[in-house]
Amino acid sequence: MNGLVSVALWLAWAMISAGFAIGLARLVKGPSLPDRIVALDMLALTAIAAACLMVLGTGHAAYLDFAMVMSLISFLSTVAFARYVEWVALRRARQAEPPPLEQADD
Amino acid sequence: MTDLVLDLLLAALILSGAGFALIAAIGIWRLPDSLMRMHASSKAGTLGGSLLLFAVALGIGGLDVVARSLAGVGFLLFTTPIASHLIARATYLLGVPRWEGQVRDDLEGRYDLSARVCRPPQRSAASAPPIPETADGSPAG
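Those protein sequence lines, which keep their order, are chains A and B. Each residue of the first sequence is one higher than the one before, counting from 1 in this note's numbering. Each residue of the second sequence is one higher than the one before, counting from 1 in this note's numbering.
Excised from the complex, chain B in its bound form (with noise of 0.2 Å):
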């Protein structure tokens, strides 16, 4: 009884885990542009890895085998956001078109290229708050 429901819980973490790095490619493959892809590729992927080294853990057992898939598994959720975002960085910083049906871009000329900082937002006057103002009419602070 105990490995029947081991079998069934260790075979569906394999199918989810292969299952996802299916959606992860599936996604790279149909998803229009390249900041999607990498969402695609990031999420999907990392949780497909992570499901399948869990069930290594599972399936496999012992002390030195449990500890370094859960090792992987940090590993992974550690670096792969790391990674996506210097990706998605580069692919805004080198200007790829973006999908068409995209309809605002926070960073638009926020960006100083050549000292590669990305300066706060400039507060326009019809998203920010109203600055409050002293008795002669100039802004406060």
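Just chain A, with the same shape it has in the complex (with noise of 0.2 Å):
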């Protein structure tokens, strides 16, 4: 690696820490369950973007394999968690008296 593509390696690990410590803020600060889940998403996109970064930044071709299984594991864990949102919307549809959205996902 030349010294152009090390700085923008570094640059780039920057840009994905700060991504990843926004996402993070979101994901404690809800407010609501889709926002913890979009924000989870998000974090795991940038987790792939470290790792396509590692692989640069090393040469070693086994991060790649890792950034693979991460958008696989991503795809089925919000694939899930959107059948369990709808779970919880369609039980608050039943209930005569709803507990507050914040409480929504007990």
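Treat the hints as calculated values from the structure; they're not laboratory data. Some clues are possibly wrong.
[Unchecked claim] Pair by pair, the computed Cβ-Cβ distance ranges are:
id: 1; chain 1: A; residue 1: A25; chain 2: B; residue 2: G74; range: 27 to 33 Å
id: 2; chain 1: A; residue 1: G30; chain 2: B; residue 2: R110; range: 23 to 29 Å
id: 3; chain 1: A; residue 1: L72; chain 2: B; residue 2: G95; range: 26 to 32 Å
[Claimed, not checked] Some chain A residues well away from chain B (every beta-carbon gap over 10 Å; in silico):
id: 4; residue: Q95
id: 5; residue: A96
id: 6; residue: E97
id: 7; residue: P99
[Stated by the list, open to error] With the Cβ distance kept under 8 Å, some of the chain A side facing chain B (calculated, not the full set):
id: 8; residue: G19
id: 9; residue: V28
id: 10; residue: L33
id: 11; residue: I37
id: 12; residue: V69
id: 13; residue: I73
id: 14; residue: P100
id: 15; residue: L101
Each residue gets a CB set at the ideal place from its N, CA and C atoms; glycine is no exception.
Two chains, each in its own frame: build the complex with the hints.
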């Protein structure tokens, strides 16, 4: 790796780290369940990006497998979470007095 | 010369990919409601990840790495719309408060939650094209 690409890699690591921190903040803050799922999805995409940077920095192609597996798992988990949220919505629709939305994810 | 062009292209791919990932994160933090956050994460995040996978294919080379990165790009492009559509649907069904600047909701009253179906839109007199009438005044068809 020569100077240009390694400088770009350092800048990219800084941006990815900032993005990961912001995504974590949204994951903690919420305020509702879909916000957290979206934040988790974005964090998985950030992890894929970080794995790509690892491949470029170290030259080990094994991190690429990590990126592929991460994208598979994040898709499956997002679909599962979405089904779960639909189930919560269905249950709330059947309740006479559903609890406040912030407590909908019990 | 060719090396310089390749390095410039590689650096541009890396920086734009990481930049789009950062834009996705900023969108997730700044946008006012869940549906808009989903929009930021799915579009900008997919673009950022795809650009970085392209950067891997360009920077490392070799048939196995290129094949895996292109497969990763294809997989991202196939799965992210499905996942974000499901999140958006679940968000809508849960009834999360939306941004107060939203002016219309085309799905209002169309979802039958227990049957998990979305009915076709009810044509209202204001928006529907006029129905051609037969001679006795009843609607055609």
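Hint by hint, here is what the structure shows:
Between A25 (chain A) and G74 (chain B), the C-beta spacing of about 31 Å keeps the proposed range 27 to 33 Å intact. Checking the proposed 23 to 29 Å range against G30 (chain A) and R110 (chain B) shows it holds: the Cβ atoms sit about 28 Å from each other. Under the hint 26 to 32 Å, the C-beta atoms of L72 (chain A) and G95 (chain B), about 31 Å apart, fit the expected range. For Q95 (chain A), the non-interface assignment is confirmed: its Cβ lies about 12 Å from the closest Cβ of chain B, beyond the 10 Å cut-off.
With a cut of 10 Å on Cβ distances, A96 (chain A) stays outside the contact zone with chain B, its closest approach being about 15 Å. With a least beta-carbon separation of about 14 Å from chain B, E97 (chain A) lies farther than 10 Å from that chain, consistent with its non-interface assignment. No beta-carbon of chain B comes within 10 Å of the beta-carbon of P99 (chain A); the shortest separation is about 13 Å. Because the closest C-beta pair between G19 (chain A) and chain B is about 3 Å apart, less than 8 Å, the hint holds.
Interface restraint check: V28 (chain A) against chain B, minimum CB-CB distance 12 Å, threshold 8 Å, status violated. This hint holds: L33 (chain A) has a C-beta 7 Å from the nearest C-beta of chain B, less than the 8 Å allowed. Hint status for I37 (chain A): holds, given a least beta-carbon distance of 6 Å to chain B, under 8 Å. Violation of the interface hint for V69 (chain A) is found here, the shortest Cβ-Cβ separation to chain B being roughly 10 Å, above the 8 Å cut-off.
Because the closest C-beta pair between I73 (chain A) and chain B is about 11 Å apart, greater than 8 Å, the hint is violated. The beta carbon of P100 (chain A) comes no nearer than 11 Å to any beta carbon in chain B, farther than 8 Å, and the hint placing it at the interface is violated. Contact between L101 (chain A) and chain B, as hinted, is supported at the beta carbon level, the nearest pair being about 7 Å apart and thus within 8 Å.
In terms of the numbered hints stated before, the structure departs from hints 9, 12, 13, 14, listed from lowest to highest.
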